[in-house]
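**Student:** Generate the whole structure from the sequences, applying the supplied hints.
Basically the working numbering = 1-based index in the sequence shown + 1.
Source of the hints: derived by calculation from the structure; they are not laboratory data. Note that the structure is predicted; figures quoted are calculated from it, not measured. No false leads were slipped in.
DSS-like cross-link-like pairs, simulated, lysine-lysine; straight-line CA separation at most 25 Å:
1) Lys80 <-> Lys194
2) Lys149 <-> Lys164
3) Lys89 <-> Lys164
4) Lys178 <-> Lys194
5) Lys115 <-> Lys149
6) Lys80 <-> Lys178
7) Lys100 <-> Lys89
8) Lys196 <-> Lys80
9) Lys149 <-> Lys106
10) Lys80 <-> Lys214
11) Lys214 <-> Lys269
12) Lys231 <-> Lys269
13) Lys231 <-> Lys214
14) Lys89 <-> Lys166
15) Lys157 <-> Lys115
16) Lys269 <-> Lys249
17) Lys128 <-> Lys149
18) Lys149 <-> Lys127
Computed beta-carbon distance windows for the label pairs:
19) Ala97 <-> Gly277: 41 to 47 Å
20) Gly81 <-> Asp260: 35 to 41 Å
21) Ala76 <-> Asp170: 28 to 34 Å
22) Asp276 <-> Lys100: 45 to 51 Å
23) Ala97 <-> Ser199: 23 to 29 Å
24) Val50 <-> Asp276: 17 to 23 Å
25) Glu253 <-> Asp276: 16 to 22 Å
26) Glu88 <-> Val283: 37 to 43 Å
27) Ser199 <-> Lys106: 39 to 45 Å
Glycine residues also receive a C-beta, built at the ideal position from the N, C-alpha and C atoms.
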Amino acid sequence: MKNNSPYVKAIGLNHDATSDSRRIHPICYALFLIPGVIFAADKYSFEGVTEPISQAVIGAMVPGRVDEILVAEGAFVRKGEVILSLEKNEEELNVAMSKLIADSKAELNSARTKMETYQKDYLATKKLFETSNSISEEQVWEKELNYKLAAADYEKQQMLEEKEKLDFDMANVQVAKRIIRAPFDGVVVSIHKNKSESVQALEPLIEIVDVRKCRLTAYIVAPDAQALRKGQEIGLQLDGTKVARNRKGRIEFISPVVDKSSLLRTVKVIFDNTDGSIEPGVTGRLLMGGAVPVNR
2 MKNNSPYVKA IGLNHDATSD SRRIHPICYA LFLIPGVIFA ADKYSFEGVT
52 EPISQAVIGA MVPGRVDEIL VAEGAFVRKG EVILSLEKNE EELNVAMSKL
102 IADSKAELNS ARTKMETYQK DYLATKKLFE TSNSISEEQV WEKELNYKLA
152 AADYEKQQML EEKEKLDFDM ANVQVAKRII RAPFDGVVVS IHKNKSESVQ
202 ALEPLIEIVD VRKCRLTAYI VAPDAQALRK GQEIGLQLDG TKVARNRKGR
252 IEFISPVVDK SSLLRTVKVI FDNTDGSIEP GVTGRLLMGG AVPVNR
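**Tutor:** Next comes the structure, spelled out in structure tokens:
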């Protein structure tokens, strides 16, 4: 049967005819007319590259000088664990000072006492004015004014108290900016600075990777991609050793658009790598048709 596939071209057929019979030995080879696509019989695959799902190059939000490096390359770290810090003596002093100010209630208590005293004086004077003629109305107004001024001063002290708490929080934020924590569980891949070296804001300091869950990104011919669905289980064949390693993954993403130049769609498949046997970065294949790997 003649193969009219736009993706595969047969090189030729070897015909060996004799007077008694005709023997036909097909020797067909596939030409890769589309990069990354391999065709064979009733099964075919699309090549892709693996990568860890969680990978980050971490830097400090502020410039400074490295004070401590608390991990080594190859170390496994937990999310939130301190892995590096910059010098922060000045910032820690600011924290201590702002805490003293924020904890002090002297001015606030004094303003409250003053307001309560003027309030009692005003109410007593007002009552006396209403029950006798011994107090003038001007005296009542004076007492009322003193009370209102004291109340305004107390309100001002309350606002200052809130500001002092915010100053204390801000001082803590400045310290936190100089402490680098692991953003997720993972392995320290590389450390780019040594102790006492100066760093700029957002300059790469440490790279962390979590290889326990990985992704294979492949580019699939548009008609074939129509058969795929998000969440679908699919076979993978991963390189990196002499014998390809098989996995099963689950489709995480199928591009809703087709690339105009290649007519391919991007497909991303997540697969488990808890045992760490697959090295992220190796190439692999997304198996379609009859190609199904051994369950793992």
